[in-house]
Amino acid sequence: MVVGRQPSSHDLDQLFGALADATRRDILARVMDADASVSELAARYAMSFAAVQKHVAVLERARLVTKRKDGRAQRVAGNPDAVRKANRLLAQFEERWRTRVARLDALLATDHNAARGRPAADKQRRPACPSSTSRRTPRP
Amino acid sequence: MPVVDIQKDTKALTMKVVAQFAAPVARVWAAYADPRQLERFWGPPQWPATFTRHDFTVGGRSEYYMTGPKGEKSAGYWEFLSIDEPHAFEVKDGFLGADGQADAKMPSMRMRFTFEPHDGGTRMTTVTHFPSLEALEQLLNMGMEEGLKAAMAQIDGVLAAS
Chain D
221 MVVGRQPSSH DLDQLFGALA DATRRDILAR VMDADASVSE LAARYAMSFA
271 AVQKHVAVLE RARLVTKRKD GRAQRVAGNP DAVRKANRLL AQFEERWRTR
321 VARLDALLAT DHNAARGRPA ADKQRRPACP SSTSRRTPRP
Chain P
22 MPVVDIQKDT KALTMKVVAQ FAAPVARVWA AYADPRQLER FWGPPQWPAT
72 FTRHDFTVGG RSEYYMTGPK GEKSAGYWEF LSIDEPHAFE VKDGFLGADG
122 QADAKMPSMR MRFTFEPHDG GTRMTTVTHF PSLEALEQLL NMGMEEGLKA
172 AMAQIDGVLA AS
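Taken in sequence, the protein lines are chains D and P.
Using the numbering used here, the first residue of the first sequence is number 221, and each one after it goes up by one.
Using the numbering used here, the first residue of the second sequence is number 22, and each one after it goes up by one.
Just so you know, the hints here were simulated from the structure itself, not pulled from any lab data.
The reader is advised that the hints may include incorrect statements.
[As the list claims (entries may be wrong)] On the chain D side, residues computed to face chain P include the following (Cβ under 8 Å):
| no. | residue |
| --- | --- |
| 1 | VAL278 |
| 2 | VAL303 |
| 3 | TRP317 |
| 4 | THR319 |
| 5 | ALA322 |
| 6 | ASP325 |
[What the hints assert, rightly or not] Pairs of lysine to aspartate or glutamate, EDC-like flavour, derived with a Cα cap of 16 Å:
| no. | chain 1 | residue 1 | chain 2 | residue 2 |
| --- | --- | --- | --- | --- |
| 7 | P | LYS32 | D | ASP253 |
| 8 | P | LYS113 | P | GLU100 |
| 9 | D | LYS305 | P | GLU155 |
Quick caveat, the model's predicted, so the values are computed rather than measured.
Where a beta carbon is used, it is the ideal one built from N, C-alpha and C, also for glycine.
Pulled out of the complex, with its shape left as it was, chain D reads as follows (with noise of 0.2 Å):
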């Protein structure tokens, strides 16, 4: 299959439920760039100190982020684990885009050609596929 190991279900759910936050979504990318304490990220919210927590412990559960104890305050981190995977699965996606927008010049290209009196050069033309609006400029 194309993304390898799958986690379970249950994990699926936490990293979705985790990331379907536009808080918890700013307050990962915040800690993927440089480690923040609760309290430095509570200062940046207008929430209170309890609610940012709350989110941390959503996405510590979720596995996206890390808590470590320094002095008095807790330290927030990024894994990039997470973040990799997500990256690894827009990178098939680009792929297919990819493919997908190459096939589509060369079918733009065979109107070119056909005008031009060449044959086409789109070797995926499906026979018996008729059509009443595709149009095919017709050969001299």
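Once you've looked at the hints, dock chain P against the given chain D.
Structure of chain P alone, referenced to chain D:
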């Protein structure tokens, strides 16, 4: 290269693809409006897409299936959320269940296409929003690493011949 730029946002789970085509806007639009043309490039080459319905109107619906190398089928639908011909359209892309109805257990994604005249041709920008990593994973699993690899080889062949 027709692809000009690709921007991925790992945290917001969006991907933007910018492509440049030599053809005018109306011609590129027609490639999406005509299902016979659309299916020539939409599915990966080893998983060609067949559109059985293409109701290109706001609120309208398209239905398609992709057929794998072993005859496997995976069915999906588009629901047209907005259309501003020939500049932009937006669809919800989801899975169809065996009963032909939208499969609510499977994820859907939102795709916005815009077409602008640029440099004597057309600049196409598509932005895809994934609801979650899981959705992205399931959508990718719908098609097929093998197909993807074969696609790359085939495209090279097509481009070399043109």
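- Hint check against the structure, violated hint numbers in rising order: Hint 1 contradicted; others consistent.
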